[in-house]
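Based on the hints, put chain B in the right spot on chain A.
As given, the protein sequences belong to chains A and B, one line each in that order.
The C-terminal residue of the first sequence carries number 207 in my numbering, and the numbering is unbroken.
The C-terminal residue of the second sequence carries number 408 in my numbering, and the numbering is unbroken.
Simulated from the structure, these hints should not be mistaken for laboratory data.
Mixed in with the good hints, there may be bad ones.
Unchecked claim - Partial pick of chain B residues on the chain A-facing surface, computed with a CB cut under 8 Å:
#1 276
#2 279
#3 285
#4 289
#5 290
#6 342
#7 364
#8 369
Keep in mind that this is a model prediction, so the values were computed, not measured.
Positions of the beta carbon are idealized from the N, C-alpha and C atoms, including for glycine.
Here are the chains, one letter per residue:
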Amino acid sequence: MDDETDETITRIAAALRQLPPVDAAHKAQVLVAVAAERERAREARVRAARRWRLAGSIGVAAAAALVLVVWRRDAGAGRTAARTTGVVAQTTPASVGAPSPAPETTTQLAARDAAGVAPLPVQLVLHAPAAHRVSVVGDFNGWDTHANTLSRDAASGLWSATVALRPGRHVYAFIVDDSIWMRDPRMPQSRDADFGRPGSVLLVGHP
Amino acid sequence: MSRPPALQLIRPSAEAPSTGSAERSLLVRSAQAGDVRAFAALVDMYYARCLRFALHMLSNRSDAEEAVQDTFIRVYRALPSYVEQESFEPWLFRILANRCRSAGSRERRRAEFVEFGEVPDRASEHRHDDAIAWREEIALALATLPTEQREAFLLRHVEDLSYDDMSAATGAGVSALKMRVKRACDALRSWLTEERNGRRD
Numbered sequence: 001m002d003d004e005t006d007e008t009i010t011r012i013a014a015a016l017r018q019l020p021p022v023d024a025a026h027k028a029q030v031l032v033a034v035a036a037e038r039e040r041a042r043e044a045r046v047r048a049a050r051r052w053r054l055a056g057s058i059g060v061a062a063a064a065a066l067v068l069v070v071w072r073r074d075a076g077a078g079r080t081a082a083r084t085t086g087v088v089a090q091t092t093p094a095s096v097g098a099p100s101p102a103p104e105t106t107t108q109l110a111a112r113d114a115a116g117v118a119p120l121p122v123q124l125v126l127h128a129p130a131a132h133r134v135s136v137v138g139d140f141n142g143w144d145t146h147a148n149t150l151s152r153d154a155a156s157g158l159w160s161a162t163v164a165l166r167p168g169r170h171v172y173a174f175i176v177d178d179s180i181w182m183r184d185p186r187m188p189q190s191r192d193a194d195f196g197r198p199g200s201v202l203l204v205g206h207p
Numbered sequence: 208m209s210r211p212p213a214l215q216l217i218r219p220s221a222e223a224p225s226t227g228s229a230e231r232s233l234l235v236r237s238a239q240a241g242d243v244r245a246f247a248a249l250v251d252m253y254y255a256r257c258l259r260f261a262l263h264m265l266s267n268r269s270d271a272e273e274a275v276q277d278t279f280i281r282v283y284r285a286l287p288s289y290v291e292q293e294s295f296e297p298w299l300f301r302i303l304a305n306r307c308r309s310a311g312s313r314e315r316r317r318a319e320f321v322e323f324g325e326v327p328d329r330a331s332e333h334r335h336d337d338a339i340a341w342r343e344e345i346a347l348a349l350a351t352l353p354t355e356q357r358e359a360f361l362l363r364h365v366e367d368l369s370y371d372d373m374s375a376a377t378g379a380g381v382s383a384l385k386m387r388v389k390r391a392c393d394a395l396r397s398w399l400t401e402e403r404n405g406r407r408d
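Isolated chain A (complex conformation) (with noise of 0.2 Å):
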């Protein structure tokens, strides 16, 4: 089968294929994103070379333990006992480099993990004179409504707060008097909001 154009569809795929005009701010947003996700990508592989790092002095670490067992079981625990504690104080950071500064535990790394890319202040404002409270929910405080809530100017009926956000995008909107949920109007809109509600989105950018 194939296909059969005529005049008719010649003249609906010509006004079809008029390109729309692009907003630049537009293909900006997209380059923010991807630089953010290239800085995301960047620090992971930090923090997986430190985990390696890490595991690898265990390792030589347990090694030189396994070696000292099997050493004292030679050789007598009561005489050996100082000995080995340099070999296994000798071992660890000759593993790693002598200029390396000690591992990180466990716990600063699963800590470092969690706080991923530093946090960047951003300041949301909604225009609301008539409001007598306003909060943001969003991805990034898990959708609650009590987590940020913005302060008001009086004389300009703007209400604003400032938010830590990580590089990236992320989607939000605003409650107000606890009962009207709104995306900000002067974002893009979010297909994607949680709840099925109106969204607005945010693009971080990393500094």
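For chain B alone, kept in the frame of chain A given last:
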């Protein structure tokens, strides 16, 4: 119903700039190697086409913009898994079409028609009205098509993909795609003929 505008009213400059496949391959390879400028060049090269496709699929500007932005971010993430044996355009449109499908439930689509393109300044007011009316007619007709037919029609007649590339982009077989395109063409002809004859309210 007024007569549609002559074809020459549609400015050729609105077409996507043609890019050689060698240049495109080089950009893709450089982007895969981590060259952000190469990826930015790919975004420049394809953003307008992707937005055109998304606008026709979703009939809503903000949804289309978000679909396109998401698509490029997904493309960037997936670049390491892209193999050059596969053509880039079908690969890109596969990601975009998937994104549009997931965003495009009819119930959530607002009654908003796409308005873009330019009419030359020299066109008379009468012809200007004709051009807008014609585009609105097409937008309406396109919106009546089932998603799969609309997608197939756009990929074939607007994005100029071959049926093999369409198959790669959609996952559907060539014969099924030919059928979808044929049905889409039949439906569009029928809809527009009825519209022109004033048989619709």
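| task | Mind checking the CB of residue 279 of chain B against every CB in chain A and telling me if the closest is under 8 Å? | result | 5 Å, holds
| said: Would the hint on residue 342 of chain B be counted as holding, given a Cβ-Cβ threshold of 8 Å to chain A? | reply: Holds: closest Cβ of chain A sits about 6 Å from residue 342 of chain B, inside 8 Å.
| Hint check: 8 Å Cβ-Cβ cutoff, residue 289 of chain B to chain A | Violated: closest Cβ of chain A sits about 15 Å from residue 289 of chain B, beyond 8 Å.
| task | Classify the hint on residue 364 of chain B as holds or violated, based on whether any CB of chain A lies nearer than 8 Å to its CB. | result | Where the cut-off is 8 Å and the nearest Cβ of chain A is about 4 Å from residue 364 of chain B, the hint holds.
| message | residue 290 of chain B was flagged as interface toward chain A. Is the shortest Cβ-Cβ separation under 8 Å? | response | 20 Å, violated
| query | Taking the least C-beta to C-beta distance, is residue 369 of chain B closer than 8 Å to chain A? | reply | Violated, because the Cβ-Cβ distance from residue 369 of chain B to chain A comes to roughly 11 Å (cut-off 8 Å).
| query | Can residue 285 of chain B be said to touch chain A, with a Cβ gap under 8 Å? | reply | 11 Å, violated
| message | Given a cut of 8 Å on the nearest C-beta pair, is the interface hint for residue 276 of chain B held or broken against chain A? | response | 5 Å, holds
Violated hints, in rising order: 3, 4, 5 and 8; the structure is consistent with all others.
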